[in-house]
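Asker: Using the hints provided, position chain U relative to the given structure of chain F.
One-letter residues, chain by chain:
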Amino acid sequence: MLLSMQGISKSFAGIAALQSASLEIGESEIMALVGQNGAGKSTLIKILTGAYQRDEGTIRFQGKDVSFSSPAESQAAGIATIYQEINLAPQRSVAENIYLSREPRRFGLLDRKAMREGAAKVLKVFNLDIDVDLPVARFNAATRQMVSIARAVTQNARLLIMDEPTSSLDEREVEILFRTIRTLKQNGVAVVFIGHRLDELYAICDRVTIMRDGHTVAVSAMNDMPKMELVRHMLGRELAAFQALARDAGSDDARPVRLELKNAGSGLRVRDVDLSIRQGEISGLAGLLGSGRTETARIIFGVDRLERGSLHFNGSERNYAEPAAAIADGIGLVSEDRKVDGIIPDMSIRENMTLALLPKLKKAGIVDRARQDEIVSRFIRSLGVKCASPDQPIKELSGGNQQKVLLARWLCTDPSVLIVDEPTRGIDIGAKSEILKLLRSLADEGLSVLMISSELEELLAAADRVTVLSDGMSVAVLPRQQLSEQNLLAAMAHQIDGASGELA
Amino acid sequence: MTMTDTSLKPTATTASPLQLVSRYGVFVAFLALLVFNIAVTPNFLSWQTLNVNLTQVATIVIVATGMTLVIATGGIDLSVGSLMAISGALAPMIFMGKLLPIDNMALAVTLAFIIPVLVAAACGWFNGFLVTHFRIQPIVATLVFFIAGRGIAQVMTNGNLQVFKNPPFQFIAMGHIAGIPAQVVLMVVIAILAYCLIRFTVLGRQIIAVGGNEKAARLTGIPVRRVKTFVYVISGALAGIAGLIVVARNSASDANLVGMGMELDAIAAVAVGGSLLTGGRANIFGTLMGALVIQLVRYTLLANGVPDAAALVVKAGLIVVAVFIQQRADRS
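So the sequence lines, in the order shown, correspond to chains F and U.
Numbers given in my numbering equal positions in the first sequence, counted from 1, plus 45.
Numbers given in my numbering equal positions in the second sequence, counted from 1, plus 297.
Only chain U is shown next, with the shape it has when bound in the complex:
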């Protein structure tokens, strides 16, 4: 090997092709999918297509944003789907007066937005508590609510489907703000806030530092436990919001189905978006793109007559490719 010269001069490193792919691959994939669809799928360039895709991806992006923060600390949150079910079960119970009768509808709807999200955040806090105080591996700690959460939601509703029609509440999924679906606005706002958290705040740096080297982070005085607990709380709260959107969209809450499989969609979006699952990085924009790519692949296959089941296989393939590229790029 005659590479000793370059290794001695670390000041000007050039990214290898693999690193470039790892950095911009998801963006390229997104563009390729767009081009493919414009050429092949009929009526792709329409408001309706855009609307369908964005509204479908919104909940995934919202949950995946929280997941990105958790993964940045080197953790993982499997409970998000079940927390969506809890929040989705709770909201109709509040505005339909099943918990306690509230005469003022405006107040009832306001509480239906706030309480479920707080409850989901509290569940997230419990996840964080298990992880930080009992040093339980995140995958096991969050498995508790993954299993129990959906059960709790079913017990709360006696396993019944709650059907409702409540336009003020359903604004979160059906309404439009300046012509844009409300949930899409919410998704964009949340993604931007998370981006700013990582990019500009002290807490954001501390999240990355904890995931990058936890021992070193503790030795610089970073409150590791508090930082970790925080990300689980945020992840729980965002899952709660996503749960509200799902039930509002369906005009019904089925504790069996709300948020089913969401944890895996969110993790997939993070992985495809280029954040390392081992922590130390949080690429919010990547997560957004990752979720869009996964959504677009599914839409492309559906629109061209491939069944949903087959789309799952393609989704799995995407994840394998994304993770493979990342690991290779990191080694080079």
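Isolated chain F (complex conformation):
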């Protein structure tokens, strides 16, 4: 056994991120490490590399108990990490990057010749013949990644941790990367492969470790773990926190379609998505991490440009260049990452809530304070936002209350389509069911909701229909009658019987 982490626990400010998690990796083994956002993968890796210190547990590496106090120490011991956003200096040459901070020296000066020759030699092992004097920025993502790997190899890494290495690669580049990983394996290097595209995991990994809610929930040889089973372990089941919400009985298909995507594509993440949202329904959008859910929402809302296919709003074709254009049509988006894309932290609740409405709140350019106050206090009351006063900076609110303010930001504009991306992420269970109930009642009043969620329970409880994405493509649409955990899991694992189109 190359690495054995046992009983690892870690809390942040009293909240457990890891509870007795474990990870075992054999010599030259390729281990898949999977789990949802917040499952504890990156915390576990950061504890291994010494970026975080564990509260409990033991780590044995190459037969010795270890405790790294910094990433530099773990690196010296032979553990290298390659991050999603590749950590190279883009304007420096390939050779310089490979030897960054460990430059060979002669008489106290850089030995450029040794650097160049050393770099070329390592890259040759991976069948990569490039000019090592060119800056890294000149090469494509796959080559850059290879340079990162070469850098790790020259550091005599025994264990290489790769965090979503394929996320920015196209198919051909992924193949090159896999060849490199296999070469590493032959040279006695073990790999931890963190990823979400199931097909890739099955193609390259020997075993899989699945994490959920800070626990290691399953370890298995890749081939003994059916896809369905793997997805089930990843998503798990929350205790039935919210019972299915009552829906009005009208026939779904009779309702007019408000918004429709056909063969939509943009960049690498959204390849071919069909999706429709009817009036007065909650249309669910499911899929594993990296399946293109958020990116699909960004296209609809005009954050990213629709490059292929079509988008229709109320029957007429659209291609929004800016969110402002989508907003003008009555579309709203509550984004996944509240901190980054949602709140203006230092502004008050009042200002945050009315930001999208402001242009309609003005008289000769001046904010109509009376109307603004009236609207803000109405929504604070109707959504039950707990705050000291509307003047309080939004950053002081809890996650659930911030989310309510952001929902109100759109509701006060009286939208016809509301996109909510992970509407209950990071908020407590009470506020979760409140928000779901709210969305349900808004839909019953005629609002079209697109709900992106990675929580099955949430989709089952609130959605009228769920479109499932896998790897940037819509692979199934489950109508209400077919909505079940089993069917959702099957679709997410992309196990559809090709011939009949029926779900396995």
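Treat the hints as calculated values from the structure; they're not laboratory data.
Be a bit skeptical, because a hint or two may be false.
Said to hold, decoys possible - Simulated crosslink set (SDA-like; lysine to any residue; CA at most 25 angstroms straight-line):
id, chain 1, residue 1, chain 2, residue 2
1, U, 512, F, 312
2, U, 512, F, 114
3, F, 407, F, 443
4, F, 407, U, 521
5, F, 384, U, 522
6, F, 384, F, 443
7, U, 512, F, 252
8, U, 512, F, 351
9, F, 407, U, 522
10, U, 512, F, 213
11, F, 440, U, 318
12, F, 440, U, 371
13, U, 512, F, 352
Said to hold, decoys possible - Beta-carbon label-pair distances, calculated as ranges:
id, chain 1, residue 1, chain 2, residue 2, range
14, U, 342, F, 434, 39 to 49 angstroms
15, U, 617, F, 434, 28 to 38 angstroms
16, F, 274, U, 436, 36 to 46 angstroms
17, U, 314, F, 404, 37 to 47 angstroms
Idealized CB from N, CA, C, for every residue including glycine.
Answerer: This is chain U only, laid out in the frame that chain F set:
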């Protein structure tokens, strides 16, 4: 740590001492300087002292007001001093008929007020264009005019000093309105307008939102590019006005000297006044007080026999202290 209880209850937050200092420090410093001067500096409490200080601070406040708006969006404008030089070079050329002969003096003076300010605003628009369309960092984008602007002013005047005597034009610096120097009135009006812009208008909220979280601002439909361009235009126009005041006060326009170092004085006033240089806040009153504090420190040292060079060091010290307090207050 036994602080978990307080962190769970965010409804009633009390400001830490540092936050109080950060909020009211500039005001306290201002009062302290007043008290010190009343006690120490001879003849401090006189109309003349007040006049000297206010007229000297007026141009800084005017430029710093524009700077506050730019900084509120998370940008910075290094070109203001050079734009002052352009506007200051242009105005005498207009009313002295060097550009094109204008017989009607009233018209010439009116144009001498309007055209330089429009030109400076256009330069500001160019700054904004570089920032929004080419995504050039503001410090680099405005460096273009910081360098080229003064050169342009010198080329326009062939590097000559323009000396003039034109009372109608010079009213902007020499005149009095109800006994108050015209430039001080102008300063107060501009500061009040900027305050109202931030406090009451939709555009004002959008400026703050863009600086507070640009991504989120775009996602609420705010025209981020237009908002950013606007603040650079305003900053340019205000620099243009300040340039007019300076040349009118001196009865001469020297493209080498007009607005020299103004960008740093303005940024210093904003920093000391408590607006974050990272954006998301615009404290116009703070900027006004910041400029007054810097001016008063300089006056205090001069009036008590400390040379101007030493006053610069004290000014630098002030900025360090102000920024230090702010960062600490933000972290707590």
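Asker: Please go over all the hints and tell whether each is borne out by the structure.
Answerer: Verification of the supplied hints:
For the proposed pair residue 512 (chain U) and residue 312 (chain F), the alpha carbon gap of about 20 angstroms is at most 25 angstroms, so the pair holds. Proposed proximity of residue 512 (chain U) and residue 114 (chain F) is contradicted: the alpha carbons are some 36 angstroms apart, above 25 angstroms. With a C-alpha separation of about 30 angstroms, the suggested pair residue 407 (chain F) and residue 443 (chain F) falls outside the 25 angstroms cut-off, and the hint is violated. Pair hint residue 407 (chain F) plus residue 521 (chain U) holds up; C-alpha atoms about 18 angstroms apart against a cutoff of 25 angstroms.
For the proposed pair residue 384 (chain F) and residue 522 (chain U), the alpha carbon gap of about 22 angstroms is at most 25 angstroms, so the pair holds. Restraint check for residue 384 (chain F) and residue 443 (chain F): the C-alpha separation of about 12 angstroms stays at or below 25 angstroms, so the hint holds. Restraint check for residue 512 (chain U) and residue 252 (chain F): the C-alpha separation of about 40 angstroms exceeds 25 angstroms, so the hint is violated. Note on residue 512 (chain U) and residue 351 (chain F): the hinted pairing holds, with a Cα-Cα distance of about 19 angstroms set against a maximum of 25 angstroms.
With a C-alpha separation of about 20 angstroms, the suggested pair residue 407 (chain F) and residue 522 (chain U) falls inside the 25 angstroms cut-off, and the hint holds. With a CA separation close to 22 angstroms, the supplied pair residue 512 (chain U) and residue 213 (chain F) stays within the 25 angstroms bound. At most 25 angstroms may separate the alpha-carbon atoms for a hinted pair to count; residue 440 (chain F) and residue 318 (chain U) meet this at roughly 21 angstroms. With a CA separation close to 19 angstroms, the supplied pair residue 440 (chain F) and residue 371 (chain U) stays within the 25 angstroms bound.
Between residue 512 (chain U) and residue 352 (chain F) the alpha-carbon distance is near 22 angstroms, which keeps this suggested pair within the 25 angstroms criterion. Restraint check, residue 342 (chain U) to residue 434 (chain F): a C-beta distance of roughly 42 angstroms satisfies the suggested window 39 to 49 angstroms. Range check, residue 617 (chain U) to residue 434 (chain F): Cβ separation about 35 angstroms, and the 28 to 38 angstroms hint holds. At about 55 angstroms, the CB distance of residue 274 (chain F) to residue 436 (chain U) disagrees with the hint of 36 to 46 angstroms.
Look at residue 314 (chain U) against residue 404 (chain F): about 40 angstroms separates their beta carbons, and that is inside 37 to 47 angstroms.
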